[in-house]
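Novice: Sequence:
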Amino acid sequence: MKIKDNPSNTGVSDYSDKPKKISENIRNRRSIFGDQYIKGKLPDELLDEILINATWAPNHKMTEPWRFIVLRGKYLEEYGQYMADYYKDSYAKELTTEAFEKKLDYLRNYPLNAVCMIGIILVRNTKINLPEWEEIAAVSSAVQNMALTCTANNIGSYWSTKNVAIDYVSEFGLAENERSLGLLYLGYYADDLKISKKKRTPLSKKVIYLQ
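Count along the sequence shown from 1, add 4, and you get the number used in my numbering.
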């Protein structure tokens, strides 16, 4: 079977969906970070759509192993301060006084232009004993559904799995069978923002065909 030497560009094959929107959204999705957002208001109906699409992710035995916390308003400011406090001691040892203060200001302001952040929580089913990796895979699929819905609606998003994000979400009263998997940022971005043009490894290096 002949394989293209360079299938990593974003052209869509004739076998893709007719309007080609699904393939375009998948291939155009990029992580767009908090410091790239501009102020905007996310309609509640669109936020619901994003979250509903998350719940349609595939999951083994229909355990639906996820829970989400939508953080808006004062919580964006709270998380900025939380990050500044979280990293304060380590940055104090590494940076000059001027650079240190600048870094803390950056962290405080970092989430403020997001329309919201969504805490991602893994919920292990206590009656159906599935391997944890299957449940994490399901939650990851749910997050990808949210990201693709954002892309389709010209909203930036990215999943922060740094310890600071994981620890912050962990403070919202998680049960023994729950585990924080970080924060999904959502935000609008300028029309002229230069989006990353990252490529993917050609199929010839990642796929074999057996028949």
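In short, the hints are calculated from the structure, not lab data. It should be emphasised that the depicted structure is a prediction, and the values quoted were computed from it without experimental measurement. Any given hint could be a false lead.
[As the list claims (entries may be wrong)] Pair by pair, the computed Cβ-Cβ distance ranges are: (1) P135 with I26: 24 to 32 Å; (2) V211 with R71: 15 to 23 Å; (3) K106 with Q215: 57 to 65 Å; (4) G177 with S35: 27 to 35 Å; (5) K97 with K202: 30 to 38 Å; (6) Q215 with D171: 15 to 23 Å; (7) R76 with S35: 36 to 44 Å; (8) L214 with K131: 21 to 29 Å; (9) K78 with D39: 14 to 22 Å; (10) K209 with S27: 45 to 53 Å; (11) K166 with W137: 45 to 53 Å.
Just so you know, even glycine gets a beta-carbon here, dropped at the ideal spot from N, CA and C.
Novice: Now tell me, hint by hint, if it's right for this structure.
Specialist: For each hint, the structure was consulted:
The hinted window of 24 to 32 Å between P135 and I26 holds, with their beta carbons roughly 29 Å apart. In this structure the hint that V211 and R71 lie 15 to 23 Å apart at CB is violated, the actual value being about 35 Å. Range check, K106 to Q215: about 59 Å between beta-carbon atoms, so the 57 to 65 Å window is met. In this structure the hint that G177 and S35 lie 27 to 35 Å apart at CB holds, the actual value being about 29 Å.
The hinted range of 30 to 38 Å is satisfied by K97 and K202, whose Cβ atoms lie roughly 33 Å apart. The hinted range of 15 to 23 Å is not satisfied by Q215 and D171, whose Cβ atoms lie roughly 49 Å apart. Between R76 and S35 the Cβ separation comes to about 21 Å, which falls outside the hinted range of 36 to 44 Å. Between L214 and K131 the beta carbon distance is about 38 Å. The supplied range of 21 to 29 Å is therefore violated.
In this structure the hint that K78 and D39 lie 14 to 22 Å apart at CB holds, the actual value being about 20 Å. Distance hint check for K209 and S27: the Cβ-Cβ separation is about 21 Å, which falls outside the suggested range of 45 to 53 Å. For K166 paired with W137, a C-beta distance near 21 Å fails the hint of 45 to 53 Å.
In this structure, the earlier hints numbered 2, 6, 7, 8, 10, 11 are contradicted, and the remaining ones agree with it.
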